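Visitor: Put chain B on the given structure of chain A with help from the hints.
Protein sequence lines correspond, in order, to chains A and B.
Counting in the working numbering, the first sequence runs from 1 upward without gaps.
Counting in the working numbering, the second sequence runs from 1 upward without gaps.
No lab work stands behind these hints, which were simulated from the structure alone.
Please read these numbers as outputs of a predicted model, since none were measured by experiment.
Idealized CB from N, CA, C, for every residue including glycine.
Don't take every hint at face value.
Straight-line C-alpha distance at most 30 angstroms; calculated DSS-like pairs for lysine-lysine [what the hints assert, rightly or not]:
(1) A/Lys314 / A/Lys213
(2) A/Lys311 / A/Lys328
(3) A/Lys195 / A/Lys269
(4) A/Lys269 / B/Lys139
(5) A/Lys311 / A/Lys213
(6) B/Lys93 / B/Lys10
(7) B/Lys258 / A/Lys328
(8) B/Lys139 / A/Lys293
(9) B/Lys139 / B/Lys58
Going by beta-carbon spacing under 8 angstroms, a handful of chain A positions derived as facing chain B [stated by the list, open to error]:
(10) Tyr283
(11) Ile287
(12) Asp299
(13) Ile300
(14) Gly327
(15) Asp329
Label-pair distances were calculated between CB atoms; the ranges are [said to hold, decoys possible]:
(16) A/Arg44 / B/Thr27: 44 to 54 angstroms
(17) B/Asp113 / A/Glu274: 16 to 26 angstroms
(18) A/Asp291 / B/Pro116: 35 to 45 angstroms
Each chain is listed here by its residues.
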Amino acid sequence: MHIRAPEKVMVESAVADGALVSTLRKNLPAARFEIVERVSETARADPNVLEVVHFRGKFLKSCPGTRHYHCCGYRILHFGMQCTLGCTYCILQAYLNQPNLRLFGNTEEMLTELSSELEQNPDRLHRIGTGEFTDSLLLDPFTGLSRVLAPFFARTRNAVLELKTKTDFIGNLEDLEHNGRTIVAWSLNSEYVRKREEPRSATLEERLRAARKCADQGYFLAFHFDPLLEYPGWRAGYADILERLFDAVPADRVVWMSMGAFRFMPELKQIIRERHPRSLIPYGEFIRGFDGKMRYFRDIRVELYGFMAEKIMKADPDLCLYLCMEGKDIWTEALGFTPEDRGGLPEMLDAAVRTRMGAWA
Amino acid sequence: MEPSRIHFDKIDWEDRSFEIRGFHENTLLQASLTRFGILEPPWVCARHEKYLIVDGFKRLQWARENGAEAADLLLLPEALSTREIWERRIGKKLFEHGPGSAEKVRIAAVLLDLYPAGDIPGHFLSALNLPPRRDVLEKWAHLQLDGAVTLEILGSGEIADRAALETSTWERESRVAILGILRGLRCSASIQVEIVERIYEISLREERPLSELLNDPALREILSDGKVNHRRKTQALRDLLTRLRYPRLSRRQRQCEKNIEELALPHSVRIIPPPAFEGDGWRLELSFSNTLELRNALASAGSLIEPDRLGWILSPELEEQR
Chain A
1 MHIRAPEKVM VESAVADGAL VSTLRKNLPA ARFEIVERVS ETARADPNVL EVVHFRGKFL
61 KSCPGTRHYH CCGYRILHFG MQCTLGCTYC ILQAYLNQPN LRLFGNTEEM LTELSSELEQ
121 NPDRLHRIGT GEFTDSLLLD PFTGLSRVLA PFFARTRNAV LELKTKTDFI GNLEDLEHNG
181 RTIVAWSLNS EYVRKREEPR SATLEERLRA ARKCADQGYF LAFHFDPLLE YPGWRAGYAD
241 ILERLFDAVP ADRVVWMSMG AFRFMPELKQ IIRERHPRSL IPYGEFIRGF DGKMRYFRDI
301 RVELYGFMAE KIMKADPDLC LYLCMEGKDI WTEALGFTPE DRGGLPEMLD AAVRTRMGAW
361 A
Chain B
1 MEPSRIHFDK IDWEDRSFEI RGFHENTLLQ ASLTRFGILE PPWVCARHEK YLIVDGFKRL
61 QWARENGAEA ADLLLLPEAL STREIWERRI GKKLFEHGPG SAEKVRIAAV LLDLYPAGDI
121 PGHFLSALNL PPRRDVLEKW AHLQLDGAVT LEILGSGEIA DRAALETSTW ERESRVAILG
181 ILRGLRCSAS IQVEIVERIY EISLREERPL SELLNDPALR EILSDGKVNH RRKTQALRDL
241 LTRLRYPRLS RRQRQCEKNI EELALPHSVR IIPPPAFEGD GWRLELSFSN TLELRNALAS
301 AGSLIEPDRL GWILSPELEE QR
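Isolated chain A, as found in the complex (with noise of 0.2 angstroms):
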């Protein structure tokens, strides 16, 4: 997979002498650099504009469940926005006002809001992401930021940290001291979604074989099937994807496995119209959700939910599989359990970072 470096990048003097400036300008020398006092809202895409500006909020932040689907207690490490692979169904879309990639850029803040929450939490677990508002990996070409993640994780006690990700830029993780702590991540998707609404991510065979070879680098590994998407043929496809999957990676450094069906808040409808016209999920079997965003009819969620649980228990009974944002009904008839049976979701999860990671035993 190939990533076009941005041609501008747009630094507010804040963050203008950061460590994170300091390597864009390494790692992009033909690109101009301007320095703004605030980088102004647009509504204007422009792919070529790489954002960088420094972040006055909580770097961290909890993943927004709800009341009625059980969430997952992930933290979300918020170091940027946006993302260029334009997903059809990706909700990034939706934030109108800032398109274009924005990184982040007082990256020292954000180590120490880190370390201060782990401090003062030290007998938690926390599972902490940074692929919610950007892929994880995307621009780290131009970044580096693994390089200063990994290690920062693998001298923590009390944490672990997922990449979440639909390219194959794993170059930083080699040779990183990495303590296994860090869990590198897929989205994955069917051939036929994958070409029809991910064109622009890496292919399947790339992202398994990046996969791969960080299972070879000592790296645990997660995957995540979200959004599932119900479409002709969705058996065979996602059949030959969890097949490829396992064919691909050790079962045993796969820490966990999520599953979600296709919801969208119902604003993306008239986006994904707009901008994506070929595109045809939007006009699956809707109904709104509890959290009012739009979701499949619960019996199409539990059969697609069914049938890769089927198939992922077959290749690995005691992996870690989990729903994303579902209640307990269809967790029932999908899966046979709930997570209030294995003492709740987010204990699931930490309960799999002990048995397969070894961590925090």
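Guide: For chain B alone, kept in the frame of chain A given last:
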């Protein structure tokens, strides 16, 4: 500008390039003309030794038909370019009274012709109730290509703007067909939009051409049923489209209704599934007006759990095994 007396011989009656037709009968204007004659001078501009009508086509036509040979007309300055004339013409149309849908189509087409992308004056767009986006304007203008058939339907005022706009990407035959259907159903704007969206989405989901869908025998049967009024026809059409758009959910709903019916519960006891079966919050509703009725309702409700008569209603898996 003072009006000038202009003889009708000097007017080029064939040229209607500045016309913005509403495609509807303006009875108020007719009544006013009959009673008071022309109160406000129509506009003309000089072109090639003739005068072109810019504004007031109906008024001048009325005057001519009523035997007048000349009228006091406002002659626009010769120095005005075509664009400047249009700006005045559109401005007058928009700010005097809101344009009808057919007029909106014409104005959209003219604005696209007159201005390059991004330069269309915002005050025109806001008066047209349109966002500052060329693609939306293009959708409106596109409806003009159908010619009088579509414009007459739009001019009737019975088609909601959004419904019309939703059809702008359809092929002509299907658009004319659906607009005709909507006109016949006389339903609200939101229901019109719902019908158009459903048909479009079913067509995409099932990869069926719109024209085929609009000629679906079940749909045609509903529309040609002479025994029911437009309200019931609309409801029947909505039900059909819901079944086609949400086939699995509809099947489950029908099955659930059937299963509940088979329980033969008294009218005082109702089982209500969660909306769209989302979640596990089923409800039981008891109605009563005295303690005896309550006792009976409770007895009926209690019988549902011993033996488990509800299991296969709550769980579709059990239902399949049945």
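Visitor: Are the hints correct? Go through all of them and say.
Guide: We went through each hint and held it up to the structure:
This hinted pair checks out: A/Lys314 and A/Lys213 have alpha carbons roughly 24 angstroms apart, not beyond 30 angstroms. Note on A/Lys311 and A/Lys328: the hinted pairing holds, with a Cα-Cα distance of about 21 angstroms set against a maximum of 30 angstroms. The hinted pair formed by A/Lys195 and A/Lys269 meets the criterion: a straight-line CA distance of about 20 angstroms does not exceed 30 angstroms. For the hint linking A/Lys269 to B/Lys139, the alpha-carbon distance of about 19 angstroms falls within 30 angstroms, and the restraint holds.
A C-alpha spacing of about 24 angstroms is found between A/Lys311 and A/Lys213, which places the hinted pair at or below 30 angstroms, so the restraint holds. Between B/Lys93 and B/Lys10 the alpha-carbon distance is near 25 angstroms, which keeps this suggested pair within the 30 angstroms criterion. Of the supplied pair hints, the one linking B/Lys258 and A/Lys328 holds, its CA atoms being roughly 26 angstroms apart against a limit of 30 angstroms. In summary, the hint linking B/Lys139 to A/Lys293 is supported, as the alpha carbons are separated by about 29 angstroms, within the 30 angstroms threshold.
Simply put, B/Lys139 and B/Lys58 have alpha-carbon atoms about 28 angstroms apart, close enough for the 30 angstroms limit, and the pair holds. Checking A/Tyr283 against chain B: minimum C-beta separation of about 5 angstroms stays under 8 angstroms; hint holds. Contact between A/Ile287 and chain B, as hinted, is supported at the beta carbon level, the nearest pair being about 4 angstroms apart and thus within 8 angstroms. Checking A/Asp299 against chain B by beta carbon gives a least distance of about 6 angstroms; that is within 8 angstroms, so the hint holds.
Look at A/Ile300: its Cβ gets to within about 6 angstroms of chain B, closer than 8 angstroms, so that hint holds up. Taken as an interface hint, A/Gly327 checks out: its beta carbon lies about 6 angstroms from the nearest beta carbon of chain B, inside 8 angstroms. Interface hint at A/Asp329: satisfied, since its Cβ lies 4 angstroms from the closest Cβ of chain B, which is below the 8 angstroms cut-off. Separated by about 47 angstroms at the C-beta atoms, A/Arg44 and B/Thr27 satisfy the suggested range of 44 to 54 angstroms.
The hinted window of 16 to 26 angstroms between B/Asp113 and A/Glu274 holds, with their beta carbons roughly 24 angstroms apart. Remark: the range hint 35 to 45 angstroms for A/Asp291 to B/Pro116 is upheld by a beta-carbon distance near 44 angstroms.
Violated hints: none; the structure is consistent with every hint.
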